[in-house]
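The primary structure of each chain is shown beneath.
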Amino acid sequence: DAKTTQPPSMDCAEGRAANLPCNHSTISGNEYVYWYRQIHSQGPQYIIHGLKNNETNEMASLIITEDRKSSTLILPHATLRDTAVYYCIVSVSGAGSYQLTFGKGTKLSVIP
Amino acid sequence: GEEVAQTPKHLVRGEGQKAKLYCAPIKGHSYVFWYQQVLKNEFKFLISFQNENVFDETGMPKERFSAKCLPNSPCSLEIQATKLEDSAVYFCASAEEAINQPQHFGDGTRLSIL
Chain A
1168 DAKTTQPPSM DCAEGRAANL PCNHSTISGN EYVYWYRQIH SQGPQYIIHG LKNNETNEMA
1228 SLIITEDRKS STLILPHATL RDTAVYYCIV SVSGAGSYQL TFGKGTKLSV IP
Chain B
44 GEEVAQTPKH LVRGEGQKAK LYCAPIKGHS YVFWYQQVLK NEFKFLISFQ NENVFDETGM
104 PKERFSAKCL PNSPCSLEIQ ATKLEDSAVY FCASAEEAIN QPQHFGDGTR LSIL
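Which chain is which? The protein sequence lines are A and B, in order. Those letters in the first sequence? Residues 1168 to 1279, per this note's numbering, in order. Those letters in the second sequence? Residues 44 to 157, per this note's numbering, in order.
In case anyone wonders, no lab produced these hints; they're calculated from the structure. Keep in mind it's a predicted model, so treat the numbers as computed, not measured. Please note that the accuracy of each hint is not assured.
[As the list claims (entries may be wrong)] Simulated DEER-style distance windows between Cβ atoms:
no.: 1; chain 1: A; residue 1: 1248; chain 2: B; residue 2: 87; range: 24 to 34 Å
no.: 2; chain 1: B; residue 1: 61; chain 2: A; residue 2: 1233; range: 47 to 57 Å
no.: 3; chain 1: B; residue 1: 81; chain 2: A; residue 2: 1183; range: 31 to 41 Å
no.: 4; chain 1: A; residue 1: 1234; chain 2: B; residue 2: 123; range: 42 to 52 Å
no.: 5; chain 1: A; residue 1: 1195; chain 2: B; residue 2: 150; range: 28 to 38 Å
no.: 6; chain 1: B; residue 1: 104; chain 2: A; residue 2: 1177; range: 32 to 42 Å
no.: 7; chain 1: B; residue 1: 50; chain 2: A; residue 2: 1233; range: 38 to 48 Å
no.: 8; chain 1: B; residue 1: 84; chain 2: A; residue 2: 1192; range: 16 to 26 Å
Note that CB positions come from ideal geometry on N, CA and C, so glycine has one too.
Okay, chain A solo, but in the shape it has when bound (with noise of 0.2 Å):
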């Protein structure tokens, strides 16, 4: 699987878009980008996953870019919820392991 990396940390104010990095330069072509977060110590929450274009859902929009090699995500209003771990993992499509690779996350705090 490729690497990631996040920045280890975040700040966003209560009620505003909160944007979340994530660089992947050694993606593989058949490689998807996921996201999920964890909440206190609750199981990872999937979020939402993309291949090359951008994604919306009623959670959050990812936006990859053109060459792959970074994504972001956004929560569009953000709520006290919404502070969690933040993972980005890139996975591979097809036959073979499919297991989901956690890196360290990014740990977003969201403020009043």
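Go by the hints and put chain B onto chain A.
Below, chain B alone, put in the same frame as chain A:
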């Protein structure tokens, strides 16, 4: 069910005792994954199953750890002769398919070895 169900939530064992953890995947999901998280640090992949067949066991310690997914039963992860270093939260995840499908996690079993 709609969620991955892990039992028990907490398990305390004395060093050297056996520990057995259970995971019921989301109904209809064919893939099950086990991960270990020590002290809120990085996750370590242990093993995955496709239905009752081992899919990938490259993360499983060679000794003391075993896992099964039998038909019509929760999956299980068993640790024989537990050690202090086995203290961790063990997460189970399930996925509908291995390709382009997210893994959905349970809330984990916190294993404490005393």
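Each hint tested on the structure:
1. The hint said 24 to 34 Å for the Cβ distance between residue 1248 of chain A and residue 87 of chain B, and at roughly 28 Å that hint holds.
2. For the hinted restraint 47 to 57 Å between residue 61 of chain B and residue 1233 of chain A, the CB-CB distance of approximately 53 Å keeps it satisfied.
3. A hinted range of 31 to 41 Å holds for the C-beta pair residue 81 of chain B and residue 1183 of chain A, which are about 34 Å apart.
4. Against the hinted window of 42 to 52 Å, the Cβ-Cβ separation of residue 1234 of chain A and residue 123 of chain B comes to about 48 Å, which satisfies the hint.
5. Taking the beta carbon of each, residue 1195 of chain A and residue 150 of chain B are about 32 Å apart, inside 28 to 38 Å as hinted.
6. A hinted range of 32 to 42 Å holds for the C-beta pair residue 104 of chain B and residue 1177 of chain A, which are about 35 Å apart.
7. Residue 50 of chain B and residue 1233 of chain A have their C-beta atoms about 46 Å apart, which keeps the hinted 38 to 48 Å range intact.
8. Checked against the given bound of 16 to 26 Å, the beta carbons of residue 84 of chain B and residue 1192 of chain A, roughly 24 Å apart, stay inside it.
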